[in-house]
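In the order they appear, the protein sequences are chains A and B.
With the first sequence counted from 1, adding 42 to any position gets you my numbering.
With the second sequence counted from 1, adding 494 to any position gets you my numbering.
Treat the hints as calculated values from the structure; they're not laboratory data.
Not one of these hints is a red herring.
The calculated DSS-like cross-link candidates involving lysine-lysine, where the alpha carbons are at most 30 angstroms apart (straight line), are:
| id | chain 1 | residue 1 | chain 2 | residue 2 |
| --- | --- | --- | --- | --- |
| 1 | A | Lys208 | A | Lys169 |
| 2 | B | Lys594 | A | Lys59 |
| 3 | B | Lys594 | A | Lys347 |
| 4 | A | Lys431 | A | Lys347 |
| 5 | A | Lys431 | A | Lys59 |
| 6 | B | Lys721 | A | Lys431 |
| 7 | B | Lys721 | B | Lys594 |
| 8 | A | Lys431 | B | Lys594 |
| 9 | A | Lys347 | A | Lys59 |
| 10 | A | Lys156 | A | Lys208 |
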Amino acid sequence: MDAGDTSKGIAVNLSFKDIQYRFARFLLTVAGVGFLVTASVGMVGLYRGIIADALLVIDTIGADLWVVQGDRQGPFSEGSAVPLDLDARVESLGNVYNVRRFRQFSYQFLHNGKQSRAAITTLDYPKDNGSWLNLVYGRSIGAAHFEVVADVSSGLHVGETIHMGKDEYRVVGLTAGMVDASGDAMMFITLNDALAISSQRTSEEILLARNAAQAGNQNSGASSSAGRISAVLVSLDAATDPGTVRDAMMNWGDVNVLTQADQSDLLLNQRLWRLRLQILAFTAVLLVVMAIIISLIIYTMTIEKLHQIAMLKLIGARNALIVSMIAQQAAMIGVGGFAFGLLLSNLIFPYFPRRIVMTPEDLGLLFAAVCIVSAGSSLFGISRALSVKAQEVLS
Amino acid sequence: MSDQTVPVLSLRRIAKHYVSGESVVRALDGVSLDIMPGELVGVVGPSGSGKSTMLLIAGLLETPTEGEVFVSGRLVSSPDANLDELRDFRRRNIGFVFQKANLLPFLTAAENVAIALEIDDVPARAALAYATELLEDVDLSHRIHNLPARLSGGEQQRVAVARALANDPTLLLADEPTAALDAVRGRQVIEQFRAIARAREAAVVVVTHDQRALEMFDRIIELVDGKLASIRTPGALEGQVI
Ligand SMILES: Nc1ncnc2c1ncn2[C@@H]1O[C@H](COP(=O)(O)OP(=O)(O)OP(=O)(O)O)[C@@H](O)[C@H]1O
Ligand SMILES: [Mg+2]
Chain A
43 MDAGDTSKGI
53 AVNLSFKDIQ
63 YRFARFLLTV
73 AGVGFLVTAS
83 VGMVGLYRGI
93 IADALLVIDT
103 IGADLWVVQG
113 DRQGPFSEGS
123 AVPLDLDARV
133 ESLGNVYNVR
143 RFRQFSYQFL
153 HNGKQSRAAI
163 TTLDYPKDNG
173 SWLNLVYGRS
183 IGAAHFEVVA
193 DVSSGLHVGE
203 TIHMGKDEYR
213 VVGLTAGMVD
223 ASGDAMMFIT
233 LNDALAISSQ
243 RTSEEILLAR
253 NAAQAGNQNS
263 GASSSAGRIS
273 AVLVSLDAAT
283 DPGTVRDAMM
293 NWGDVNVLTQ
303 ADQSDLLLNQ
313 RLWRLRLQIL
323 AFTAVLLVVM
333 AIIISLIIYT
343 MTIEKLHQIA
353 MLKLIGARNA
363 LIVSMIAQQA
373 AMIGVGGFAF
383 GLLLSNLIFP
393 YFPRRIVMTP
403 EDLGLLFAAV
413 CIVSAGSSLF
423 GISRALSVKA
433 QEVLS
Chain B
495 MSDQTVPVLS
505 LRRIAKHYVS
515 GESVVRALDG
525 VSLDIMPGEL
535 VGVVGPSGSG
545 KSTMLLIAGL
555 LETPTEGEVF
565 VSGRLVSSPD
575 ANLDELRDFR
585 RRNIGFVFQK
595 ANLLPFLTAA
605 ENVAIALEID
615 DVPARAALAY
625 ATELLEDVDL
635 SHRIHNLPAR
645 LSGGEQQRVA
655 VARALANDPT
665 LLLADEPTAA
675 LDAVRGRQVI
685 EQFRAIARAR
695 EAAVVVVTHD
705 QRALEMFDRI
715 IELVDGKLAS
725 IRTPGALEGQ
735 VI
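Whenever a hint applies, use it, and build me the whole structure from the sequences.
Written as structure tokens, this is what we have:
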């Protein structure tokens, strides 16, 4: 055994006994660091969650092209209404593998005596039977009418019935994690059912629209869209060039065609731009706060030990012993705090109203940040500790 | 004392000057002395006379501005000595006791003593066994497994003495070790030093303000303004002025 090994062995022993001696304080410190880590994980996860929720439909529905109302960037960034039979026109182009009609609108319904909000999303049944849904319970839609697949976050259960429009709908399946950009649970029904529900709704809305029109508000086009859809989704054959198909449709003059990438870009850089920036700013602030507090904790811990370090130097301890004792305790606080924070995150975030996405990459970066902050501040403390003269502290 | 006996500690014309801005403090100003094996020497003098400074230089914790320090005949420190390189030498040859015991609060009495041995690469089990023996020597066999917070001030100081003895030092330096203790316990600690000097043939140098303990020393060195003012042998009525 060389001298370095012995020093390390003694240091482990000393660190362990020191922590044991003030165990409650150590736990509190670890918990404090852990809560900061939890808050940071949550903030980063909220940011990721908002993006993931916003892009969910675009990313999973499997459409290469979105055919929307002319001169509009719909249907998520702007309103869009296209004729019900637009799909036939698209199909006639050839080279298309699959064409579906799409509509999504917010809807309030009564559930257990409470008003609930959902984002009704259409399935163009039977062409689209919802195979792209993240089904966790029950089955997908298997009939042309009066069946609904709801997200678990709606609070609905399989077998329940809810009243929408003029009819009773039966919940046949549940999805997980399928919400719209504002976090409302999605409810999937057939397109024909959705049209029926929205035409029922418009009789009330017509009145509102009329009033709005009288007040000089011209922007009431969306409310008269009962018999229309928002977009037609196109999946292309593998060999087909999307540009060609897109140009062909653009030549009709009455539609706009957006790719999946266009839709992502519109959502992230137009609709969610301010929210994203705000959350990112808060995340940055929180990470800075976390870094400052962790480094203060570790630096203060080292400075508190100056007296003991001076004593160890006096009895001839090698620097390796002193350095590894401080480094070990810093590591235990850093790693322990991170582990605690991660555990807490996994325990509490599933119960949060919005999705918190924890990716291994983000967690890895956060762990690296905690390690760097801990190491940096303990190095700073160590350099203070090593430069102190034994007699300054002891006599 | 035969002519062959080498002093444990020899200071030769030691000066220590602290420069702060324009003014120079002459904390020590040409101190020379020899301390023999088995000798218990007291250091007295008014506050600021350089007692602690002398101990720090003798203990290789400070370099002198002028002069040389010999330990067991070997030149170890001079104005350009590197104290960090002397750490191993210090650990094996010199023990310290201060006014406060400075024990590690999270280690038991025995562990506090054993750590000094473990640092010197003694295996943990052997270190603990020897630490227990040392604590028995300072009459603390009943306190071996207690944490410092459970020990009285006098008991803590005796643990510190045992720790200072762990590496069998030839030179034991103590700076006001009894200042925080009452008369009885202070006397016990000095008696301990007396026994150590005799049993281990070590040189023990104790800075003290305690007038009542003075008659237990072999010699008493008095510093005034950084200079040796007198060396007395207790019992003699008059100090011998040099
Ligand atoms: N690091 C230092 N820097 C500047 N001056 C110092 C330093 N250490 C000691 N001195 C000065 O050197 C002189 C001697 O100090 P020292 O501590 O040796 O005195 P002392 O005899 O131990 O006093 P006391 O009985 O109060 O402990 C004092 O004037 C003190 O102010
Ligand atoms: Mg002093």
